[in-house]
Amino acid sequence: MSDAALPQNLMPARPPLSRRVTGSTGFALLMYAGLMGLFVYGAYSGAARMGYNWQWYNIPRYIYRFTDDGFQAGELMIGLGMTLVLSLGAFLLAVGAGLAMALLRLSDLVIGKWLSIALLEFLRNMPLLVLVYLFYYVLGPIFTWSRITAAVICLGVFHGALVSEIIRGGIKSVAQGQWEAARSIGMTKGQAYLYIILPQAVPLMLPPLTNEAIQLIKSSAIVSVIAVAELTTVGRNLVSDTYMSFEVWFTVALIYLAITLTMSFGVSALENRIGRHE
Amino acid sequence: MTDAPVISARKLDKFYGDFHALKGVSIDVERGERVVICGPSGSGKSTLIRCFNALEFHQGGKLFVAGNEVYEGAKNINLLRQHVGMVFQQFNLFPHLTVLENLTIGPQKVRGVSRAAAEATARKFLERVRIPDQADKYPRQLSGGQQQRVAIARSLCMETRIMLFDEPTSALDPEMISEVLEVMVELAQEGMTMVCVTHEMGFARKVADRMVFMDAGEIVEMADPETFFDHPRSERCRDFLDKILDH
Ligand SMILES: Nc1ncnc2c1ncn2[C@@H]1O[C@H](COP(=O)(O)OP(=O)(O)OP(=O)(O)O)[C@@H](O)[C@H]1O
Ligand SMILES: [Mg+2]
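If you read the protein sequences in the order shown, they are chains A and B.
All residue numbers in the first sequence are consecutive under our numbering, ending with 419.
All residue numbers in the second sequence are consecutive under our numbering, ending with 1466.
Worth flagging that the hints you see were computed from the coordinates, not collected in a lab.
Just to be clear, a hint being listed does not mean it is correct.
[To be verified] In silico lysine-lysine, DSSO-like type, Cα no more than 27 angstroms apart, as pairs: (1) A:313 with A:330; (2) B:1328 with A:330; (3) B:1242 with A:254; (4) B:1242 with B:1462; (5) A:313 with B:1462.
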């Protein structure tokens, strides 16, 4: 059917001006800046009423400083480093555990399937905070884990459950006919996964996996309850040492935002690229 | 080798849950024979040939393919599948691989053939299905007819001895049907053992050694093409032929 045959009211209409303005990226950024401005203004005027003594000039040296020995990372930067190391370790573990859980779930093994579902439901329905305590105070002593090991394993396993659903979804979205074609040229199940299914599924998984990495960085803050010296813990310690709670928490929040927003933009770019290839 | 049938099905029963999809189907296919299966939708045609390739497993009866018994859990299933090629209605080419890679991945990864040898074989078969110049394209860049010919070549590259076709032209635009059928006719003339599910009766008359009509999970009629088309015995087969030969 040609366009001319379409009745007028079915033609895609130009969206109204209001929609075109509110839907634009510039408008979103403006909204965001406005909200942030309001928030900062509120905080500042509240602080002024409290007679808060701002000491922003004291913050940079907790990020980095130059001494006679040259450049030195400050507490916050060291904490950020720990956050990133923790997150990276946990993410790798999550992908490994997630892949194992997904393959188990998709396998023909009835026991494996049930085990995977049970583990998924357990992890998904448990508050992360309780899980952290469980791993550090119960499993930690049993397996003689350090704080950091317990933290990495806890975060890795928790996010592994969520990653397993992403991986399973990606694998499932490859057409059934691909399996049949792979099997019909004599491939084993493993070969079919390796050469046919995963190469098609992985590009689909990348955006949600990056999102999961962002979630992981955010939830890594929770291991401050077992005093792993990551960014949030460092922030808390700094506050109790210096009483600069406003400045420190603003800074910590900005550091988290900088990292997660960068990754978010990365995901959108990735999604656009994949979208174009379709 | 002896002259035992390459496919021998004895009273095959297949269930999907409670649904009885194949009801005691028996058929022998000789080496070099061309069998065409037709029948109404849902009659079990696909199910039957998918059993031949172990993509489905029967629950009752016995099935021998190329001298090996086929059953769920049999050790040599993957080996069997290498020798029994399948061409699907929806082509099922691997979209992330080029045409050439679609043809070489099986020989390289499954049979351990060297890359150079696999590519040489692949180009030979691309020549035979008349698309030698499309080797470096991706499947989505080809027409349906070209894709289906690549799919046939992909099976041939595995040195298949038996080719199964499940309605290979049903998803094609009319003008592309003949280019695929031509390749299939050539294959038949070269002596390939073929089992084709198709409603292309012109093709069937030309190449079939034997016609099979299935309905409701049973083989209702089985005869040489002349008898089959001109003197169908059963009412159901007559009705069916009337309907499809009409248009
Ligand atoms: N995986 C499955 N699960 C449940 N039922 C199935 C499955 N595959 C096929 N069936 C049923 O088995 C019957 C036979 O299916 P089959 O695909 O073999 O028919 P067919 O003769 O190939 O039909 P068509 O001409 O439509 O391809 C149908 O009623 C179908 O609904
Ligand atoms: Mg069918």
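Hints versus structure:
1. A:313 with A:330: 15 angstroms, holds
2. B:1328 with A:330: 13 angstroms, holds
3. B:1242 with A:254: Given pair residue 1242 (chain B), residue 254 (chain A) is violated - Cα atoms ~32 angstroms apart, limit 27 angstroms.
4. B:1242 with B:1462: 24 angstroms, holds
5. A:313 with B:1462: Violated - the C-alpha atoms of residue 1462 (chain B) and residue 313 (chain A) are around 39 angstroms apart, more than 27 angstroms.
Hints 3, 5, counting from the list given before, are not met by this structure.
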